Each structure stands twice: as C-alpha cells, then as structure tokens.
Amino acid sequence: MANDKYETHEYDVIVIGAGGAGLRAAIEASAAGVKTALICKSLLGKAHTVMAEGGIAAALRNVYQEDNWKVHFRDTMRGGKMLNNWRMAQLHAQEAPDRVLELEEWGALFDRTPDGRILQRDFGGHRYARLAHVGDRTGLEMIRTLQQHAVHKGIDVYMECNIQRLLKDGDRVCGAFGYWRESGKFVTFKSKATVMATGGVGKAWKFTSNSWEYTGDGTTLAANVGADLIDMEMIQFHPTGMVWPNSVRGILVTEGVRGDGGTLRNSEGKRFMFNYITDYFRAETAETEEEADAWYEDKTNNRRTPDLLPRDEVARAINAEVKAGRGSPHGGVFLDIASRRSAEYIARRLPSMHHQFKELADVDITKEPMEVGPTCHYIMGGVRVEADTAATTVPGLYAAGEVAAGLHGANRLGGNSLSDLLVFGRRAGQYAAQYAQNLEGHPSPDDDQIEQYAQELLAPFNNDGGENPYSVHMALQDCMQNLVGIIRTESELKKAQTEIASLKERLAKVTVEGHRQYNPGWNLALDLESLLTTAEATTMGALERKESRGGHTREDHPGPDPDKYGKINLVLRRTDGEFSLSEEPLPEMPEDLKELFEESK
Amino acid sequence: MASEFTMRVWRGDISGGEFKDYRVEAQEGMVVLDVIHTIQATQAPDLAVRWNCKAGKCGSCSAEINGKPRLMCMTRMNLFESGDTITISPIKTFPLLRDLVTDVSFNYEKAKKIPALKLKAKEADGTRRMYQDDVDRVQEFHKCIECFLCQDVCHVIRDHEDNKPDFAGPRSFVRMASLEMHPLDEEDRRELLKVDAGLGYCNITKCCTEVCPEGIHITDNAIIPLKERVVDAYYDPVVWLMNKLTGK
Ligand SMILES: Cc1cc2nc3c(=O)[nH]c(=O)nc-3n(C[C@H](O)[C@H](O)[C@H](O)COP(=O)(O)OP(=O)(O)OC[C@H]3O[C@@H](n4cnc5c(N)ncnc54)[C@H](O)[C@@H]3O)c2cc1C
Ligand code: SF4
Ligand code: SF4
Ligand code: FES
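Going line by line, the protein sequences match chains E and P.
According to my numbering, the first sequence is numbered sequentially starting from 1.
According to my numbering, the second sequence is numbered sequentially starting from 1.
Careful, some of the hints might be misleading.
[What the hints assert, rightly or not] Simulated DEER-style distance windows between Cβ atoms:
| no. | chain 1 | residue 1 | chain 2 | residue 2 | range |
| --- | --- | --- | --- | --- | --- |
| 1 | P | D84 | E | Q455 | 44 to 52 Å |
| 2 | E | D156 | P | T85 | 54 to 62 Å |
| 3 | P | N163 | E | E297 | 32 to 40 Å |
| 4 | E | Y6 | P | V231 | 25 to 33 Å |
| 5 | P | T85 | E | S582 | 33 to 41 Å |
| 6 | P | E28 | E | E289 | 33 to 41 Å |
| 7 | E | D156 | P | G126 | 31 to 39 Å |
| 8 | P | D103 | E | R573 | 39 to 47 Å |
| 9 | E | N463 | P | D103 | 26 to 34 Å |
| 10 | P | E28 | E | K509 | 30 to 38 Å |
| 11 | P | S15 | E | Q452 | 29 to 37 Å |
[To be verified] Cross-link-like lysine to aspartate or glutamate pairs, in silico, DMTMM-like; alpha carbons within 25 Å at most:
| no. | chain 1 | residue 1 | chain 2 | residue 2 |
| --- | --- | --- | --- | --- |
| 12 | E | K153 | P | D103 |
| 13 | P | K164 | P | E186 |
| 14 | P | K143 | E | E584 |
| 15 | E | K546 | E | E584 |
| 16 | P | K206 | E | E359 |
| 17 | P | K68 | P | D136 |
| 18 | P | K143 | E | E160 |
| 19 | P | K118 | E | E160 |
| 20 | E | K358 | P | E28 |
| 21 | P | K120 | E | E102 |
| 22 | P | K112 | E | D115 |
| 23 | P | K122 | E | D115 |
| 24 | P | K120 | E | E105 |
| 25 | P | K112 | P | D166 |
| 26 | P | K112 | E | E584 |
| 27 | E | K185 | P | E109 |
The hints are simulated quantities; they were obtained by calculation from the structure and are not laboratory data.
A quick note: this is a predicted structure, and the numbers were derived from the prediction, not measured.
Yeah, the Cβ is synthetic: ideal placement off N, Cα and C, and Gly gets one too.
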C-alpha cells in the first residue's frame with residue numbers, strides 16, 4: 001500500500017515526458033495492451049519537441065536514390081566522432097524511414113516532392129538530402145501528430161505534473177513521486193515499468209536554445225536510483241543562435257538556412273568556413289565556392305559546402321572568427337541567405353525564421369544577413385541504455401530521447417534527434433510494456449520513503465536561509481557559460497567545480513515565498529537540484545576527458561586521442577549524492593560494419 | 001538604451017485578487033515576457049506565468065496585454081512609450097488558476113471529441129502520393145500552436161459561459177478543417193460539425209483571425225468552407241460528396 005495521504009495512481013507503464021520520445025513510447029506501450037500513463041511538467045503539446053525546426057533524418061531515398069541506411073549510419077558515426085554506440089546508430093538508421101512513414105499514416109503532412117512523395121532537405125553532416133520536413137516547423141508537425149494520435153488512443157495524460165523522485169522496490173524502479181503545478185499537491189504513481197523521456201539540460205547555460213523545462217530532471221532522477229550516465233561532457237553548441245538583441249540571445253536559427261543555401265561570412269564578407277575544413281572531413285568537403293554552390297543542385301559531381309560541416313566544427317569556427325576580431329557588430333558572424341536566394345523562396349522555405357527575425361530583431365532575412373553565434377543546444381550524453389531495448393542499468397527503468405545517451409556519440413547531426421525520438425521512443429514503449437507484462441505482483445513503493453521525499457520537497461518553504469532561487473540559477477548559468485562552454489581548459493573546469501560546490505551550499509539556503517499553488521519560485525528551487533547535478537556531471541566528465549572530440553573541446557588538449565579516449569565512454573555513477581567516474585570500453589563494432597569506414601580513411 | 005515602465009499585473013486566484021504595479025527597466029529588444037521574468041527574479045518570485053519556448057513556437061504564454069489577447073514572448077516592449085503603464089491580465093475566457101495562469105482544459109476536452117483521420121487505401125505501389133498544391137492549405141492549419149487566443153477572443157464563449165458545452169471554438173474548427181481537407185481523408189464529420197461542435201453559433205465576426213499569432217485565416221479558410229460543407233450536406237449530399245472528392 002502506498003502512502004494514502006497522497007493522491008495515488010497505479011499503472012503498468014508510466015512515461016515521464018511528453019515530447020516526441022515520451023509520446024511515441026506511450027503510444028507503443030498502450031498498443032501492446034498495458035495500462036499506460038503519460039506525465040509531463042508542461043501542457044500537452046508544449047514540450048521541447050514542438051520547437052524543432054529543420055527536419056527528421058531518415059534515408060527515405062525520395063530525393064537521392066543512392067541513399068540507404070548504411071550511408072546514414074556512416075554519417076551518424078562519423079559525425080559523432082565514432083564515440084557512438086554502433087548498434088543504436090544501426091537501428092536508428094534502419095528504422096527511421098518506417099517511423100517517418102508511420103507519422104504520415106497518423107496525419108502528418110510533410111512538404112512534397114514533385115511526384116507527390118515526402119521531400120527531403122540538406123543538413124549538416126548528411127551526405128544526401130535526407131531530412132523530411134515541414135518548412136521550418138517540423139517539430140510542431142511531429143508533436144501534434146503524436147499528441148492527437150495518443151489522445152485518440154485514450155492514453156491517460158497528466159499535465160503540469162512535475163516528477164521529483166523515482167520510487168524503488170528493492171533494486172527495481174516501481175513508480176514516481178511529484179507534485180501538481182496547479183495545486184502544489186503531491187501525487188504518487190505506482191508502476192511496473194517506467195520510461196524516462198524528459199529531454200535535456202540546456203538551462204544550466206546562459207545562452208541556450210532550450211526552454212525552461214531543460215533542467216536535467218530525468219538524468220538526475222535516473223542517476224539517483226543508481227542508473228549509469230555516460231558521455232555527460234558531450235554538449236552540443238549549435239553554431240547559429242540569435243545574438244542580438246541580448247534578450248533573445250540563444251534562440252535558434254535553424255541549420256535549414258544553410259541547408260537551403262545560406263552561407264556564413266565574417267566582417268570582411270569572406271566565407272570563412274573554407275578555412276576550417278579539418279583533415280577528417282577534407283575528402284568529402286568542397287574546396288572552392290563554385291563547387292560548394294554547385295553541390296546544392298548536383299551532389300553526385302560536387303562535394304558538400306563547408307557551411308554544412310557537422311555542428312561542432314562550425315561552432316568552433318565561428319568562435320575563432322569572433323576571437324580573431326572578424327565578428328559582426330554584436331559578437332557573432334553573418335548568416336546570409338538574402339543575397340543568395342529569392343525573397344519568395346526564403347519566405348516559403350523558412351517562414352518561422354523570417355517571422356522570428358522580423359518580430360524580435362527588426363531584421364528582414366529576405367533583404368539583409370542575420371547575425372548569429374553559438375548557443376547551447378543539446379546534450380549527447382545522458383542515461384546509459386541498452387541499444388535494442390532502451391533499458392537503463394536499473395531494472396524497470398527505460399530511457400529514450402534526449403535524456404538517453406549513446407546514439408549521437410560526441411556530436412549529434414541535425415535531424416537525428418527527431419528520428420531518435422521515434423525509433424527509440426517506440427522501442428522503450430515496447431520493451432517497458434513487455435517487462436510490465438512479465439512482472440508478477442503489484443509495484444509497492446515504501447511509504448516512509450515517500451513521506452521523506454515529501455518533506456524534502458517542502459524544505460524551501462521552511463528554510464530561513466534567505467537565498468533567492470533565481471539568483472542561484474543565474475549564477476549557475478554564468479558559471480557554465482564562462483567555464484564549461486565550447487572551449488574548455490583544466491583550470492577553468494576546476495574553478496567551475498568549486499563554484500558548483502558553493503552553489504549547492506547556496507541551494508540548501510534557498511527560501512521561497514508564498515504558497516504551493518502554481519509557484520514558479522518553488523518550482524525553480526526544486527529544479528535547481530537537477531540543474532546542479534547535471535552541471536556537476538558534465539564538468540566532471542569534461543575534466544577527465546583529456547582530448548578534444550565533438551562537443552568537447554579542450555584548449556589544453558587540442559587534438560583527439562584515438563588510442564585512449566577514442567576507445568572509451570566515461571561512466572558516472574551516483575551513490576549517496578556523490579558521483580564516481582570510470583572508463584569503460586566502447587562496444588565493439590562488427591567487422592561488416594567496420595568495412596563501411598575503410599574507404600574514408 | 002533602457003526605458004522605464006510600470007507593469008500593472010493581475011495577482012490573485014479564484015478567491016480574488018487585484019492589479020499590482022511593478023516598476024521595471026526594459027533593455028533594448030526585450031519582450032513582455034522578459035519583463036515579467038525580471039519581476040519574478042527581483043520583486044515577486046511567486047508570480048505565476050506559463051511559458052516554454054520564448055520564441056513564439058509553443059503557444060504557452062497567452063495573456064491580455066492592455067486588453068489585447070497576445071503572446072507575451074512575441075510582444076516587444078518598444079511597442080510602448082517609455083513611462084507607459086502596461087496592463088497584463090490572464091486570458092479571460094478560461095477559469096483563473098493563479099495570476100497570469102488559467103485553466104485551459106476546455107480546449108483539451110474539445111480536442112478529444114474530434115474523430116481521427118480516416119485515410120483511403122494506399123497507392124498500388126504501396127506509397128502515399130500527395131501534391132504540394134493539395135497540402136498547402138492544410139499546412140496552413142497545421143501551423144496552429146494551440147495558444148488558444150482565438151478561443152479567448154471569441155464572443156460566443158467569452159461572453160456566454162453557458163455556450164461552452166455546445167461550442168468547440170475556432171481552434172477546433174481549424175483542426176476539423178485540416179482533417180476535412182486532408183487530401184486522403186474519407187471520414188464524414190458533417191453531423192459533428194453542425195450538432196456537436198456548434199458551428200452555427202459562429203457569426204463570422206473574424207475576431208479570431210485577427211488575434212491568431214500564426215496568421216491563420218481562421219474564418220475565411222477554415223470556418224466558412226466548413227459552413228458551406230455543412231449547408232451543402234444538409235441540402236444536397238451529392239454536392240458535399242463532390243466537394244470532398246475534388247478536395248474543395
Ligand atoms: C530550437 C530547437 C530546434 C531543434 N530542431 C531540431 C531539428 O530540426 N531536428 C532534430 O532532429 N532535432 C532538433 N532539435 C532537438 C530536438 O528537438 C530535441 O532534442 C527533442 O525534441 C527532444 O525530445 P524529447 O522527447 O527527448 O524531449 P522533449 O520534447 O523536450 O520533452 C520532454 C518532456 O519531459 C517532460 N519533463 C521534463 N522533466 C519532467 C519532470 N521532472 N516531470 C514530468 N515531466 C517532465 C517535459 O514536460 C516534456 O513533456 C531542436 C531543438 C531545439 C531546442
Ligand atoms: S469568427 Fe466565429 S469563431 Fe471566430 S471569433 Fe467570430 S464568432 Fe468566434
Ligand atoms: S488557430 Fe491561431 S489563435 Fe487559434 S490556437 Fe491556433 S495559433 Fe492560436
Ligand atoms: S513561450 Fe512559447 S509561445 Fe511564448
């Protein structure tokens with residue numbers, strides 16, 4: 001019996017998070033015939049997935065017949081600097097096309113090719129035009145389609161319900177505990193299996209494309225019940241965020257701008273990306289502006305423009321240009337599509353970018369260049385999962401979407417997240433349902449434990465430390481932005497560790513005003529715990545990985561170290577609130593897949 | 001270039017409340033939501049407000065700004081003169097929860113009543129073929145970010161609480177139009193539209209279209225064609241069927 005002081009619900013499977021991954025998981029679990037609940041801390045349909053712009057990567061072969069899962073697999077692995085879990089990358093590339101077509105069956109309307117099939121667009125690191133899209137609002141199409149499908153299937157949805165703890169029965173996860181934002185009252189979910197689909201951590205940084213929800217809750221909750229985390233140092237800074245006005249700094253400018261012909265220029269008007277082609281990508285990248293421009297029309301005889309190198313490469317290049325004094329007036333660089341495509345084309349292909357710049361920055365992107373710079377965007381690291389089943393290292397707990405790690409290795413290719421959500425969301429739902437069906441008896445969380453959690457969550461009301469949660473959050477954002485950003489170095493990372501430790505002390509003194517009903521001050525005070533936990537994990541991994549690879553660049557270790565760090569994941573485990581770190585070898589790729597990489601060496 | 005404003009913000013819940021004034025500075029480029037966040041961080045940490053993306057993409061931050069239904073994250077402070085007093089109140093049509101946050105479950109309940117798409121059989125080669133010209137106008141409806149500003153402004157439910165059970169509202173009509181005009185759909189929603197959704201209550205004032213942040217032509221492109229279908233259907237089922245088949 002659970003603590004009957006609190007509202008309690010019992011399910012076979014609960015899914016925490018209603019973005020693409022959570023929705024897809026819930027749909028699958030429910031279709032398997034188990035009683036399923038979907039829980040999210042915002043309203044349904046508002047999850048981060050709604051913001052995705054550019055598209056979903058899948059080798060549908062509608063635009064380029066030459067494409068197939070092997071090419072997609074190879075692009076994903078190379079883009080991830082080979083740190084990826086090969087099996088996840090394989091499943092992802094193989095299953096993504098079916099998952100996209102399934103969305104069409106459920107009502108999604110992608111942009112079309114002239115012969116009536118799904119149109120695909122170019123994106124960084126993808127050899128062929130591969131991204132199924134709807135203008136620059138693909139995420140909206142995807143979340144609405146999944147949301148409506150889930151609603152039609154009658155899945156129970158708990159909205160604005162914030163999960164704060166996972167519950168355990170022995171070594172198994174058996175439910176979750178949280179509060180309703182509306183009333184502030186507590187609620188217990190008992191479940192045989194739990195799917196974590198809470199997304200990322202970007203709100204720990206100051207300039208980010210991420211929404212308030214990205215506080216690393218799922219990563220922290222999973223770590224707290226003993227799940228392994230991997231690759232936490234791998235943070236993607238998207239090369240093109242808005243830089244001006246200051247108040248909108250960080251808001252994303254889709255890679256689709258470059259996919260559709262836009263180019264990066266410095267203050268001298270030079271297309272500087274040609275100076276930043278690394279050996280790793282030289283063979284597949286255009287060397288001249290003529291070849292780069294011709295590639296948009298003819299990919300067989302030309303190589304890809306360096307504007308569309310993987311994101312880590314482009315972000316570092318912009319950073320270097322700005323540092324060298326060749327930046328734009330507000331500390332970014334120029335992204336120019338106005339001089340390269342017609343106004344009509346731009347407005348049709350990129351309507352929300354057009355709108356966003358007009359409304360927020362008084363810039364007409366059909367007439368003038370945008371100013372852009374790197375913004376914290378995505379975490380490749382997170383909860384370690386088994387490739388086929390999305391099972392974490394803790395029984396009864398599954399993870400999918402941005403909260404899970406492995407697929408993207410050291411750097412994610414654009415478009416590979418939305419497909420990730422579908423492929424592994426489905427798998428998580430499927431295997432969680434199977435686990436629940438095979439489990440005997442009812443989940444039985446520990447009453448005393450629940451009571452203790454309730455007291456912990458109320459602590460900020462009873463605290464007289466007087467610390468303001470908003471100030472602690474801003475201090476953390478400054479710390480991560482300045483010390484654990486794109487370019488990292490040992491002394492700064494150590495300084496960040498000290499700062500995070502002192503922020504934890506300040507968190508213990510946070511006091512909130514008012515009552516429990518819809519109180520953002522209280523909500524933030526609780527989110528700070530996961531923000532600080534994930535910040536700590538990222539910093540720890542970043543300090544340990546003494547090389548530069550993908551989303552992790554060390555000024556003091558500028559090159560990759562293929563013999564040591566290229567062969568390992570950094571694994572973090574948390575016991576009694578303390579992380580410990582170990583190195584574990586990457587899963588070994590089978591010979592037939594290894595051959596796919598021979599030609600590029 | 002900072003400018004000074006007085007933000008007159010509704011504070012309270014169903015049991016009562018009042019407008020409170022907050023003096024704030026706004027930096028260049030700020031939107032109303034930034035200013036609300038500044039108030040939270042410095043003067044009123046428990047000020048309730050709903051938001052997610054701060055980029056006009058999620059439709060969470062709807063409010064009435066000087067009485068006009070708008071997204072707070074897409075309303076620039078430079079619309080106002082330095083020194084102005086700006087009133088921010090929660091959207092009126094839905095029950096207040098706290099401060100600027102309302103209970104919008106009405107919209108989710110209405111959504112549950114709309115039956116799913118029913119697609120016709122696939123092509124002989126196993127694919128689905130649809131052409132850009134045919135999907136264009138449905139894509140317009142799919143731009144909806146569910147901000148519910150159109151629902152808020154529609155007098156049918158804004159001024160007449162008792163109409164709520166019988167009227168689905170403009171957002172629902174946009175959704176129904178998107179299903180009706182889907183090039184491959186075969187479902188018949190005429191009864192639903194006329195009877196359950198209360199399409200007849202709408203007298204085409206176009207207020208919904210005026211507030212839509214996505215610029216969806218709710219009345220001209222969704223509601224009027226739906227009304228025509230319902231009328232045709234009731235008087236002439238053959239015309240309805242023809243319209244459906246030719247995708248009109
Ligand atoms: C601006 C932008 C554009 C992007 N464009 C693209 C693109 O074009 N292509 C691409 O592939 N990827 C893109 N991405 C990345 C991609 O959108 C995200 O990685 C992806 O949507 C994450 O989906 P998810 O299902 O893992 O999580 P989300 O969609 O973020 O959903 C997380 C869910 O978890 C819930 N949640 C979190 N914590 C809790 C808690 N404690 N209790 C209860 N619920 C909780 C939230 O409420 C939410 O419902 C973009 C990202 C951004 C920010
Ligand atoms: S046009 Fe119809 S739906 Fe729109 S606001 Fe007027 S009455 Fe309401
Ligand atoms: S139709 Fe427009 S106003 Fe209405 S909910 Fe959708 S986006 Fe908002
Ligand atoms: S916060 Fe998303 S639309 Fe305003």
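So, going through the hints one by one against the coordinates:
no., hint, in the structure
1, D84/P to Q455/E: 44 to 52 Å, "46 Å, holds"
2, D156/E to T85/P: 54 to 62 Å, "44 Å, violated"
3, N163/P to E297/E: 32 to 40 Å, "56 Å, violated"
4, Y6/E to V231/P: 25 to 33 Å, "53 Å, violated"
5, T85/P to S582/E: 33 to 41 Å, "59 Å, violated"
6, E28/P to E289/E: 33 to 41 Å, "35 Å, holds"
7, D156/E to G126/P: 31 to 39 Å, "35 Å, holds"
8, D103/P to R573/E: 39 to 47 Å, "42 Å, holds"
9, N463/E to D103/P: 26 to 34 Å, "30 Å, holds"
10, E28/P to K509/E: 30 to 38 Å, "34 Å, holds"
11, S15/P to Q452/E: 29 to 37 Å, "32 Å, holds"
12, K153/E to D103/P, "24 Å, holds"
13, K164/P to E186/P, "29 Å, violated"
14, K143/P to E584/E, "45 Å, violated"
15, K546/E to E584/E, "15 Å, holds"
16, K206/P to E359/E, "23 Å, holds"
17, K68/P to D136/P, "30 Å, violated"
18, K143/P to E160/E, "23 Å, holds"
19, K118/P to E160/E, "31 Å, violated"
20, K358/E to E28/P, "15 Å, holds"
21, K120/P to E102/E, "15 Å, holds"
22, K112/P to D115/E, "35 Å, violated"
23, K122/P to D115/E, "15 Å, holds"
24, K120/P to E105/E, "10 Å, holds"
25, K112/P to D166/P, "14 Å, holds"
26, K112/P to E584/E, "48 Å, violated"
27, K185/E to E109/P, "23 Å, holds"
In this structure, the hints that do not hold are numbers 2, 3, 4, 5, 13, 14, 17, 19, 22, 26, in rising order.
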